[in-house]
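Visitor: Read off the chains here:
Number of protein chains: 2
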Amino acid sequence: MKIVDLKVTPVAFPDPPLRNSTGVHEPYALRTIVQVYTDDGLVGLGETYGGSVMASQIEGARPAILGEDPYGLERLRLKVGSPRTFGAIEVACLDIIGKATGRPLCDILGGRVRDAVPYSAYLFYKYADEDGKGEVGSAEQMVEQARDFVRNYGFKTLKIKGGVLPPEEEVETFRALREAFGDGYQIRIDPNAIWSVETSIRVIRKIRDCDPEYVEDPTWGIAGMALVRRSVDVPLSTNMCVTDFDHIPESVRAGAVDVILSDHHFWGGMVATKHLAAICASFKLGLSMHSNSHLGISMAAMTHLASSIPNMLYACDTHYPWAEEDLIDGGKLTFNDGCMRVPDGPGLGVRLDEDKLQEFADNFRLRKQLTRDDISEMKKRDPNWLPFRPRW
Amino acid sequence: MKIVDLKVTPVAFPDPPLRNSTGVHEPYALRTIVQVYTDDGLVGLGETYGGSVMASQIEGARPAILGEDPYGLERLRLKVGSPRTFGAIEVACLDIIGKATGRPLCDILGGRVRDAVPYSAYLFYKYADEDGKGEVGSAEQMVEQARDFVRNYGFKTLKIKGGVLPPEEEVETFRALREAFGDGYQIRIDPNAIWSVETSIRVIRKIRDCDPEYVEDPTWGIAGMALVRRSVDVPLSTNMCVTDFDHIPESVRAGAVDVILSDHHFWGGMVATKHLAAICASFKLGLSMHSNSHLGISMAAMTHLASSIPNMLYACDTHYPWAEEDLIDGGKLTFNDGCMRVPDGPGLGVRLDEDKLQEFADNFRLRKQLTRDDISEMKKRDPNWLPFRPRW
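Residue numbers (the working numbering), protein chains in the order written: chain E, 3 to 394; chain U, 3 to 394.
Put simply, identical chains are the same to the list, so a pair is met inside one copy or across any two.
Calculated lysine-lysine pairs in the DSSO-like style (CA-CA distance at most 30 Å, straight line):
| id | residue 1 | residue 2 |
| --- | --- | --- |
| 1 | K381 | K370 |
| 2 | K158 | K81 |
| 3 | K370 | K81 |
| 4 | K81 | K286 |
| 5 | K135 | K358 |
| 6 | K135 | K370 |
| 7 | K358 | K9 |
| 8 | K334 | K135 |
| 9 | K208 | K158 |
To be clear, the hints were calculated from the coordinates, so they are not data collected in a lab. These numbers were taken from a predicted model, which means no experiment stands behind them.
Build the full structure now, drawing on both the sequences and the hints.
Guide: The following block contains the structure:
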C-alpha cells in the first residue's frame, strides 16, 4: 500500500467571542483538514491547527510522504520532522490502517479500555454574540453557562478558561461554581500562565478549599511552575511549559507539574501520545488532554486515543460544544452523560460531508488568515490591548 | 476475532557450558513456547523465559485472555498483569495481527527504519564442551572465539560476558580484543554487577584507553552505578538495575546509567519496549538490547522490534549463535555482515517445526526444571561455589 496523494484544505467555521488571556476568539475558528490517498483507493482523514501557515507546512510534507506505506509511521515521522505536521498525517495514516483492516482506529493503538471517554465542560468568559445575547462576565453568568453545559451534555468536570478577569473575580467564579456544583463534580481552572508566581500562590491558596481538581498553567515556564508548586498543595497541570518530549526531563527535575496535558496535534500524533502516557506512568505524573477549537475529525481522533490509554483518568478538554456545525457526515458527534462513545470503525469512524467541507473552505478563502490571531481581534474592542504575561 | 485457546510448551535445548558471575550454563537451556489460537484459525507464536514456573505463570493467564480480541492489547496488559507473562502473550497477539493483515510484525509496530538489525558477538569464557574442546579461559582463547564469531557472522560489535575471572585478567582480555580488532569494532563488557563500586572504578579506568563502547552493570544497584558513573567518563549500561518502568525515575535522578538495555521479554512486550525507547529519547539515554539464551521465535521478535525503533543505535545482544538447533521451520535464521534481516511476514515470519517442538519439549520433560539454575550447575564443578556479589 502506497500513499499517492495528499489534499490539504484550510477551513474556517463560526466561533463565538470566547475570551482568554491573549484576547478573544475571532468570528471564525481555523482548522486544516488533511486527506491522504492510497493506491488501493483508501482515504485517511486528519485535522489539525488552522491558517495558511499550517496548511503550507503540511503541504510541504508532500514529497516526504508520497510513495510511502501508511504503515511506515516511524519512517514518516523521521522524514516529516515537525511534530504538528506529522501528527495530522499520522492520524490520516492510522485512519487508513483502520479502514484497511476493518478495525476502529483505537484497535490500531492497542484497543479501547473504555467504551466512552469523559470530557469536561469548557467554560469561557465571553462577549455577547452578534445577536447581543450570551455575555458571560460574572460568576453568576458562568454558573449559568455551566448549568447549560451540564444539562445539555452531562459533563461531570468543569473547566474554567481563566486569565480574563482580575484574579479575585475568577476566585469568585470558582467559588460560585463549587457552591452550585457539589462533590460529584470536578472543577479545574486554566488562566494560561497570566499570573505571576506570587499571584499564582495567592490565588491557589484562595481556591484550595474549593477542591480544585488541578490548576492548569497558573504561571509561565517550568521555573515559574516549580516555584508555585513548592508553595501550594494543589496539583498543577500544563499544556504550555511541557509541550515536547524534550521538556520533560527539566520539568521532572524541577518538580514543576503533576499533570501533563497531552494533545496529539502537537505532541507528534497518537502513537507519540501513547508514549507520553507511558512516560507519565513511569514518572507518576497524571495525564489529561488539551483542546483547541476543533471539528469532528479531531473529536473522533481524541476519543479513539483516550479510549486506548489506561492512565487517561482525567476528563479530556474539548471545545467541540462551541462549534455550531461540523463538516462530517451526519453532523456533530454527540455527548451522553458527559462522555463520547468511541465511534464505530473502520478507522476514525467519521466521513467528510463534502458540501460542508466546501462551505468551510469557502469561509477560509474569504478570510485567508495566516494563523489564529486573538490579539488583533481584541484590539478591535480595546485598541490599547496588550497581552501581558504576567498581567497580574 | 477472539482468542479461543492457549498452548504453553516448556522446552529445553543443548547449551554449552558458558560461564558468568553466577556460575555456568546448564547442559540444556530452557525456554517457553506460547501458541495463541483465534476463532478464525490463526495461531500466534511467542517465546520467553523457560522452566516450569514460567510456564505455569503463562498458563495462569488463560482465563484472562480467552475470549479477548488479540487487538485489545491494553485490556490484555491490564488483565494479565505480570510484564513477563504479558510480553510472551503480546508477541503472539502481534504475530496474529500481522498474519490477519498480511503484514510483517514490524509494520504493526510502526514499520521498519532499517531492513537489517546489527547484533553483537556474545563472547563467553567457557568450560570445555563434552568432547573436551572449546575451553575459553584466557585472553588468547577469547580472541580466538571472537575471530570465529566475526568470521562466521560478520559481527562488528564484541560483547564480553565478564565477571568470571579476576578483574585484571578480564582487563587483559579486553586489551587483547582491542589489539586484535581495530577501530571498526565496538567492544563492550558485562560482569553482571560482580565488581564493587571501587573495583568498578579501577577496572574501568584500566580499560578506558581501549575505547569501550560501554560497560554494562559493573556493579549492583542504581546507587552503586551512580557512584561508579560519577567517577568515570565511560558510558554505563544496565539490564539489572533498571528493569522496569518504575525504576527509571530514580535512575534518572541519580544519573546512574547512560544506556538502558531493553528486552521485550521482561519489559512487558514489544509495544512497551517502544515506550521505553521513547523514554530514552526524551531523557537522552541510549538504548540497546539485552538477550538471554533463546531460539528463533525470540530472534525474529527482537529483529522486528529493533527494526522499528529509530534510536536503537547499538548492536543488539543475542545468544542465538550459541544455540545449535532451532525449533522453527527451515532451521536457524542466519546473520549476514553481523546483521539479521527482518523476516518477511506475515507476522513474525517464522513457523514452528512441530517435530522439533516435540523434541525440545521432550528434552524439557526429561529434566523438568522449575527454573534456570547456573549456581547448582557450578556446584557440580566446585562444591564450595557461592555467587558472591560483589566478588571483587
